[in-house]
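Listed below, chain by chain, are the residues.
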Amino acid sequence: MAADAGYPQVMLRTAALVSLLLVLGAASFAADRPYGVAAGVNIGGGQIDWRPSANWMFEARAQAGAENGTQKTTSALYGLRAYRFLHVGRPSFFAGMGVAKTTAKREATSYRADGVAAGAFLGFEFRLIPHVYFLLDAGPYVISLHENRSSLSRTSLDFVGDAALVVGF
Amino acid sequence: MRRALFIALMFAAATARAGMHVGLANAVAKESDSLIDQAVEEDRRAAVGDLAAQNLPSCGASAPYSLLPTDLSSVTAIVPLGAMNPPAHTFPTDHIYFYLNPLDPLNPGGPRATTPLFAPGDILVTMIATTEYLSASPPFIDYGVYFYGCREVKSYYSHIQLDPSFSAKVGAIDQNCTTYTTGGSTLRRCQESMAVPISTGERIGSSGAPYAGAFDFGTYDYRVSRPLLVPTRRGGDTLHTVCPVDYFSTQPRQQMESLMGRFDGGFQRTVGPVCGEIVFDVAGSARGLWWKPGAPDNPEDPHLALVPNNVDPTMQNISCGTSVAGMSGAYAFIPTSAGRVNRDFAQVTPDGNVYCYDSFYDPIGQPGAGNFRILISLPTSTTVQFERDASSLTCGSGPWSLSGAAVTFQR
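Protein sequences, first through last, are from chains W and S.
For the first sequence, the working numbering gives the first residue as 279, with consecutive numbering after it.
For the second sequence, the working numbering gives the first residue as 3, with consecutive numbering after it.
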């Protein structure tokens, strides 16, 4: 992970834009059939999904975020998720687990916090138009961070909601 | 579709109500921000030395000091900035001296009174240095106390002894030690960074018998940069030298200004700025600071200063360190504005001429100092040739020529 979180943010936003174009483009001509692979945008980033069966889906995702405190702190993460579809329909409901490697940096300083986040979530998937799906989920995440200069650490439990728009191929 | 929208809306409402984070990366950013805030605060509290001063309020226009550093009735005179005492202080000094009263008025060269020193304002002590005079018999230690009155103004007292209560606050000073030689003496200096707040008037220490006849008081204002011709060669805090007295409120400032002059109180400086000056360089002339090629910039011992006298700036000083045999010292003369004898250094240029200097005064203003005359020439605007000529005490009418004994200095 790069020390400067600004660069990943640019990359992630670019990836998100490309994904959005893919979503719109694919939606316009793709045939309506259950997807095996999907790509899309989520909150602050992008993701690629692989659905080997109707009940299981695996995902790689990247996201960027920010907190505007006294000084801006930017974050970036790369993570994996596993989905188990409990009910397949319109909508489909799922449960899942995720893990991500995170980094955050206080702008214009050398303060940086690295860590991991892991959690579980419940959510649903809804097909908006043929091959374009909207996913919404929420759940508890344990976020464990280590600040590099001071060696301070903290672990917290946060409830996180997430959303994605994907197109299946 | 409606069902999905309903669920999405309910989800969003629940998220907002539960204080959930939207997006894991935003949750990470928020938690990281909080952790980094904690780290910043910890660093701020742990800061020592100059770094700790960054937590102080900015200086602004008001004077940070309001209390005299010592009882002025114990002080004979305050020597302005720019004093020279080669070889350790070949260049004009960046501090003023508080000379203390002699214990025996009939013996002005004897031991001086001991006087307490106080915090001149609410200060943050950021460093204490010890100097052990290993060549003295017996060796002894004195202290330098560095403090900030506000974020950008750092001051120090040196050649003092610490008060026991102050010493208990700051602890032992036995780290970061180096041994060096200057002025023919071997010294061991240790220093310790800290962040110890001290209130106005709190006793810091004392100066005087048996270790010192005077103490130094210096101030640097980091908002100020002095226009030295070769700033990198003096370097460090000297570039920010200001007069400490100027950072006091009106009454103590005026009291101290009235004492500015020669160390024995025999001559009061009246030419402004009465607190003296350290920057005298005039490009393309002999006036200013000169360095012996090949010698390190610091200490000042091997170098040369051709600058105005700090007590009577109508006079000029030849302050020579150790590079010219037989004349380490400061020699004052009355400059002229024409001819080539005792010509004002600012008017000595690379014109191919040799200039002669004679009729020197000693530090207490007595004529007859030096059993030589001095010859100076500038081959280039950044090179001076300097010769002690013992063949005569006076210059006569010239012309003069440099011999192979002339020493070259540069800047």
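Think of the hints as simulated: they come from the structure by calculation, not from any bench.
Built from N, CA and C at the ideal position, the CB exists for glycine as well.
Please note: incorrect hints may appear among the correct ones.
[As the list claims (entries may be wrong)] Just a few of them, taken from the derived set where beta-carbon distance is under 7 angstroms, the chain W residues facing chain S: (1) Glu345; (2) Thr351; (3) Lys379; (4) Ala382; (5) Tyr389; (6) Pro418; (7) Ile421; (8) Arg427; (9) Leu430.
Evaluated hints:
1. Glu345: This interface hint holds because 4 angstroms falls under the 7 angstroms limit.
2. Thr351: holds (4 angstroms)
3. Lys379: violated (10 angstroms)
4. Ala382: The hint holds - Ala382 (chain W) has a Cβ within 7 angstroms of chain S, the shortest such distance being about 3 angstroms.
5. Tyr389: With a minimum Cβ separation of about 4 angstroms from chain S (threshold 7 angstroms), the hint on Tyr389 (chain W) holds.
6. Pro418: violated (10 angstroms)
7. Ile421: Since chain S brings a Cβ to about 5 angstroms from Ile421 (chain W), closer than 7 angstroms, the hint holds.
8. Arg427: Where the cut-off is 7 angstroms and the nearest Cβ of chain S is about 6 angstroms from Arg427 (chain W), the hint holds.
9. Leu430: Cβ of Leu430 (chain W) sits 5 angstroms from chain S, so the hint holds.
Checked against the numbered hints listed earlier, the structure breaks hints 3, 6; every other hint is satisfied.
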